[in-house]
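> Sequence:
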Amino acid sequence: MVVKALLNSLTEVEMDLVRETDREKLAALDEDELVELHTRIRRARNKYVKLYRRGASARVEEFGGRGTARPKNRRNAQKAEVFEDALARVSRHLATAARHSAEELKAERLAAARQHQTIPPPRAASGRTSHSTTSQLADRRPDSAALRRRQAKTLAAGARRQAKRDSS
Numbered sequence: 001m002v003v004k005a006l007l008n009s010l011t012e013v014e015m016d017l018v019r020e021t022d023r024e025k026l027a028a029l030d031e032d033e034l035v036e037l038h039t040r041i042r043r044a045r046n047k048y049v050k051l052y053r054r055g056a057s058a059r060v061e062e063f064g065g066r067g068t069a070r071p072k073n074r075r076n077a078q079k080a081e082v083f084e085d086a087l088a089r090v091s092r093h094l095a096t097a098a099r100h101s102a103e104e105l106k107a108e109r110l111a112a113a114r115q116h117q118t119i120p121p122p123r124a125a126s127g128r129t130s131h132s133t134t135s136q137l138a139d140r141r142p143d144s145a146a147l148r149r150r151q152a153k154t155l156a157a158g159a160r161r162q163a164k165r166d167s168s
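Residue 1 is where the sequence shown starts when you use this note's numbering, and the numbers rise one by one after that.
Hints were generated in silico from the structure; no laboratory data involved.
Please note that a few of the clues may not be correct.
[Said to hold, decoys possible] Pairs of lysine to any residue residues, derived as SDA-like cross-links and limited to a Cα-Cα distance of at most 25 Å, are as follows:
1) Lys50 with Gly65
2) Lys47 with Arg59
3) Lys25 with Arg74
4) Lys25 with His100
5) Lys4 with Lys47
6) Lys47 with Glu84
7) Lys50 with Ala88
8) Lys50 with Lys25
9) Lys25 with Ser101
10) Lys72 with Val49
11) Lys4 with Glu24
12) Lys72 with Arg92
I would like the entire structure built from these sequences, with the hints used as guidance.
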């Protein structure tokens, strides 16, 4: 639980950041604004976690461990915890917003697909396949340097495996 004295000791910028995580304010934000807020809070949390770890590790020799040195470094740990709680609130709202926008996009895609239903292509005569169909499929395959490298790598790996089997 957040200590009220700690909240009062936050700087004005940090306090504004924590205030932005109120339920009402989060409900008013769209997905992009939630992502931006999430990033800012994560940076603040990481800052205080890093300060806590550095401060505690500097006292390890004196106290024998980071956990033992914690009381001397309590404020940074508590600030990190405040921002961790705020980050959790924003993360929950962001997940809900992302789920909602994904459902909307899916519904739009399905509606567009229903509107643009195409007539299936005519079937070829039974027993015969046209040469033009196979050449069209071959033409649609992507041809890029990355694809050729990946295919060559796969062939070479197979050749190495076979050579290893043949030699034993």
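> Hint by hint, work out which the structure violates, then give me just those numbers in ascending order.
The structure conflicts with hints 3, 8 and 12, although it agrees with all the remaining ones.
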